[in-house]
Every structure is written in C-alpha cells, then in structure tokens.
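Sequence lines, in order, name chains A and B. Read in order, the letters of the first sequence are residues 0 to 242 in numbering that gives the first Met the number 0. Read in order, the letters of the second sequence are residues 0 to 222 in numbering that gives the first Met the number 0.
Hints are not guaranteed to be accurate.
According to the in silico footprint, chain B covers these stretches of chain A (three or more CB under 8 Å from chain B) [what the hints assert, rightly or not]:
| id | segment |
| --- | --- |
| 1 | 6 to 16 |
| 2 | 105 to 118 |
| 3 | 142 to 150 |
| 4 | 168 to 174 |
| 5 | 188 to 196 |
Calculated cross-link-like contacts (lysine-lysine; reagent style DSS-like; alpha-carbon spacing at most 25 Å) [what the hints assert, rightly or not]:
| id | chain 1 | residue 1 | chain 2 | residue 2 |
| --- | --- | --- | --- | --- |
| 6 | A | K155 | B | K79 |
| 7 | B | K113 | A | K141 |
| 8 | A | K161 | B | K113 |
| 9 | B | K122 | A | K88 |
| 10 | A | K161 | B | K159 |
| 11 | B | K41 | B | K173 |
| 12 | B | K113 | A | K155 |
| 13 | A | K152 | B | K122 |
| 14 | B | K186 | A | K150 |
| 15 | B | K113 | B | K159 |
| 16 | B | K122 | A | K141 |
| 17 | B | K173 | A | K141 |
| 18 | B | K154 | B | K8 |
| 19 | A | K237 | A | K217 |
| 20 | B | K215 | B | K186 |
| 21 | A | K155 | A | K141 |
| 22 | A | K150 | A | K237 |
| 23 | A | K150 | B | K8 |
| 24 | A | K14 | A | K71 |
| 25 | A | K107 | A | K14 |
| 26 | B | K79 | A | K189 |
| 27 | A | K10 | A | K161 |
| 28 | B | K4 | A | K73 |
| 29 | B | K61 | A | K71 |
| 30 | A | K161 | B | K41 |
| 31 | A | K141 | B | K159 |
Sample of chain B residues with no beta-carbon within 12 Å of chain A, all distances over it, derived [what the hints assert, rightly or not]:
| id | residue |
| --- | --- |
| 32 | K8 |
| 33 | E50 |
| 34 | W119 |
| 35 | D185 |
Don't read these hints as lab results, they were simulated from the structure. Beta carbons are placed, not taken as given, at the ideal position from N, Cα and C, and that holds for glycine.
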Amino acid sequence: MTKKYIYNSYKEAIKDLKDDSSIMIGGFGVQGGQPTNLMLALRDLNLSNLTLIGNVAGISMVTGYGWKDSDKDKIIDQSIFFKDKQVKKIICSFPIPSSRNPLSEIEKAWINDEAEIEILPQGTLAEKIRAGGSGIPAFYTKTGVGTIVEKEKESKIINGEKFLLEYALNADVSLIKAFISDEKGNLIYKGTSRAFNPIMATASKLTIVEVDKIVSSKDIDPERIGTPGIYVDRIVTKNNELS
Amino acid sequence: MNYPKKLNKEDIAFRASLELPSDSYVNLGIGMPSLCAKYLQKEKNITFQAENGILGFNEISKEDEQDENLIDAGGQFLVKTPGMSFFDSAESFGMIRGNHLDMTVLGALQVSEKGDLANWMIKDRGIGSIGGAMDLVVGAKEVIVTMEHVTKENKPKILKECDFPLTGINCVNKIITDIAVIIVEDKGLILTEIAEGWSTEQVQSLTEPKLIVSNKLNRYITK
Numbered sequence: 000m001t002k003k004y005i006y007n008s009y010k011e012a013i014k015d016l017k018d019d020s021s022i023m024i025g026g027f028g029v030q031g032g033q034p035t036n037l038m039l040a041l042r043d044l045n046l047s048n049l050t051l052i053g054n055v056a057g058i059s060m061v062t063g064y065g066w067k068d069s070d071k072d073k074i075i076d077q078s079i080f081f082k083d084k085q086v087k088k089i090i091c092s093f094p095i096p097s098s099r100n101p102l103s104e105i106e107k108a109w110i111n112d113e114a115e116i117e118i119l120p121q122g123t124l125a126e127k128i129r130a131g132g133s134g135i136p137a138f139y140t141k142t143g144v145g146t147i148v149e150k151e152k153e154s155k156i157i158n159g160e161k162f163l164l165e166y167a168l169n170a171d172v173s174l175i176k177a178f179i180s181d182e183k184g185n186l187i188y189k190g191t192s193r194a195f196n197p198i199m200a201t202a203s204k205l206t207i208v209e210v211d212k213i214v215s216s217k218d219i220d221p222e223r224i225g226t227p228g229i230y231v232d233r234i235v236t237k238n239n240e241l242s
Numbered sequence: 000m001n002y003p004k005k006l007n008k009e010d011i012a013f014r015a016s017l018e019l020p021s022d023s024y025v026n027l028g029i030g031m032p033s034l035c036a037k038y039l040q041k042e043k044n045i046t047f048q049a050e051n052g053i054l055g056f057n058e059i060s061k062e063d064e065q066d067e068n069l070i071d072a073g074g075q076f077l078v079k080t081p082g083m084s085f086f087d088s089a090e091s092f093g094m095i096r097g098n099h100l101d102m103t104v105l106g107a108l109q110v111s112e113k114g115d116l117a118n119w120m121i122k123d124r125g126i127g128s129i130g131g132a133m134d135l136v137v138g139a140k141e142v143i144v145t146m147e148h149v150t151k152e153n154k155p156k157i158l159k160e161c162d163f164p165l166t167g168i169n170c171v172n173k174i175i176t177d178i179a180v181i182i183v184e185d186k187g188l189i190l191t192e193i194a195e196g197w198s199t200e201q202v203q204s205l206t207e208p209k210l211i212v213s214n215k216l217n218r219y220i221t222k
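This is chain A alone, in the form it adopts within the complex:
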C-alpha cells in the first residue's frame, strides 16, 4: 500500500501483532542494524507460539558479541523472547556461542525442549528469504551437500554436480532497522547495518521499520535508497523531521 503509517511509539507500531505469528528480525545479530526497540516492544507484548527468523540469534547477551564497549550495559538479542517462553520455533544460522559458560537462553530452551531450533547455513537462509520476497518458490544450492543440512531434502545433479533443493521463506511480519526513511518508506542504510534488513523487508506480509530519523522525500537522495518504499508498511522513529 502506498499509504505509510508513521509512529513515534514502538509499542503502538506493533500492538496488533498476534500469537502464532512468524516474525523475521533484521540485521546480522549485532548492535548495528538490529531493530532493538521494536524487539523490546514485541517482548513486552508477551505473545506466545512465535516462529522467529533471524541470523545470529542469541550470542550477544552471553558474550558481548557485536556491541560497542560503551553500550555493553544495554545489550539485547533474540534470546529475550526465549526467557518468557514466547517462542515455538526459531530459524537461524548461529543460535549459540562456542562456550557453554554461561548457558544462553536459547540453548536452555532447547535443552528443556521448550523451543524447536532449525539451523541453516547463513547463505541458504539469506537466499531463502530473497527468494521468498521475489516470487521464486525454490532454488538449488551446493551448500550443505554431504552434511546434515541435506537430510530429507530433494537433490539434483546439474552439470555433474549435486545440488540441494531449498524452498523460499516468507513470514507474517518483518521487523527491520534502517538509518533514514522518507514519508514514502524509502530506506537508506548505513555501513554494515544492511545484512538481512533489505531482504527481510521484501519477504513478509507486514514490514515494520525502525529508523534513526524520518526526513522529507525532498531531502533524500534517490540514488542512495537501499530499500524502495513499496516494501515498507510502517515506520517508527523518535526523530521525525517531517514538518
């Protein structure tokens, strides 16, 4: 829809999300590019039976991974949804750190059989989402051949090499993070904070973006748009420069 809904409250922006939803969480799993405020609002909504899709999922809160030294007291990652048992399943590439000391919330949930964890190669996860957002139902990849990723998957020999069939991935909602939006939902990203955000923006029925600021379309360079507004439904920010 061309009409974009602009919020100054993270809580308001996600208040109609429902139990049993599938939710993509953008970024890489580090501080930059993660929709941290939307995640906190979602946790406080206290939904149940969620299916989460994210890349690195629950490393930072146990290891400090990817957060600036000056923000070490504010670290949030996807494990916040596991603590209160809101998650039925997570699809990700990197759910646990190499050390078990201390044990992460995600590993605890897995040990206690409270949540299912589907672990995918990162490139396969990214391509499944890209495919999901661009009308490609499935694709073949060499990644995972000969490993447990291959289990129960169809395969095909193409030009003498074996490839696995991977299906596209879509969700009900994507929560993403960008640097700047205009009122049309055109998004600009910064540095390495793209990661899974641009592809997740395309792959859900409802895309909600958290941005550092909203500016007028007159003040945004179309050459720099990383996600065109067609993919974006709701924009949330504490810094609205629209007059």
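Take the given structure of chain A and dock chain B to it, following the hints.
Structure of chain B alone, referenced to chain A:
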C-alpha cells in the same frame, strides 16, 4: 611418547598468512584465522571480505571510536577506509557461493583424509552454529584450515573419517597446525612442513590417517 614443544596460535596465524595469494579476495574465519591479518605484508594487496556485508577493511577501530555500523562478522569494529564497499546478506553469500573469493581460512574441530571438514558442532552437545562456514567451503576457490593438531585430551583431529557433523565434504586444500603443514590431495595427506624438533614419526603418531611425507619436506616456516 614424549613430544617436543608445539608452536602457538600466533605461529599458526603467521604461517597461514603466507598462504594468502597476492591481489586476492579473502574471507578469514573467526578466531585464529582472523589473526592472519596481523602478519600480512602490505604489498600483497589483499582485500578482505566479511560475510555480514563488507569488502575492503584492513584496520580495527580504537575502543573509544567504535561505530556500530562498521563491523566484521567476528564482531570486530572497523575503521572506514577508502575502497570499502557494503552490501546485504543475499549479495554477500551470492559472492561467496558464486566462486568470487580466492581463499577462505577457517578453524576446524576435525578434518578427514579426504578433506572433509567438521567445524560447527561438537557431537555430544547436539546443537551448534553453522553461520557462513558451509557456504564458504563450497564457494571459495581455496580452503585453508588452521587448528591445533590434537584435542586437549591429545586425540588426533586429523582423522580417517570425521565423527562430528560435517561442514563440507572434500573441501579442505591445506591444514596448518601447531606442528605441521599438510596438503590434501586425491592420493592422500602430504606432509610438507614440520615444526622444529619434531620428527615425521612423532607427527604421524598424532595423526590418524597415514601421512605421505613429501620428498621436499621442509621446516615449518616461522616468524
């Protein structure tokens, strides 16, 4: 058996740094592989890729100048440098799977004599993190493994068959450990370098498959 002193992580990283081809695009894995960058000769003109979506970084940020939007996949904050480029995860892994990287250096839990790699899950834990490793081993033109030669319990990590879950099959080209450098070829594992003080018999005794000693066996190159 009593063994001579092993080399350390820095020695392994230095040795691995010599493998990086001039004018190449390289992805270094987390941990020991990342240490390689420290020993790189500038004139080699290497461009590093990190799978979170960056090419062309070469400097770690000072603690008080960290920028949340400038980071590598291992979580190191970077300094903005001319020639860098940024891209999303689909493009990053298109680049990796599409054979555009000349080399990746990765850590390992186990390597088999056929070059199978296991580096993402300890069997008994039942859960692990794949990350980008499975894509890197099928996509990079050359795969170098850096690891300690044996486990903490002194068990070989170079095995006839890996018993941990695999990252990829038949994908490792060279293994650099704290006592030896071994090339993986169709005919088997070729021992090409051994650390000072070590005999080929001692290296063999800590390696499960039979090693083929190169007729050009060298001393392990150190700093």
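Practice item. Identify every previously stated hint that the structure contradicts and give their numbers, smallest first. Key: Checked against the structure, the hints that fail are numbers 1, 4, 6, 14, 22, 23, 24, 25, 27, 28, 30, 33 and 34, while the rest are satisfied.
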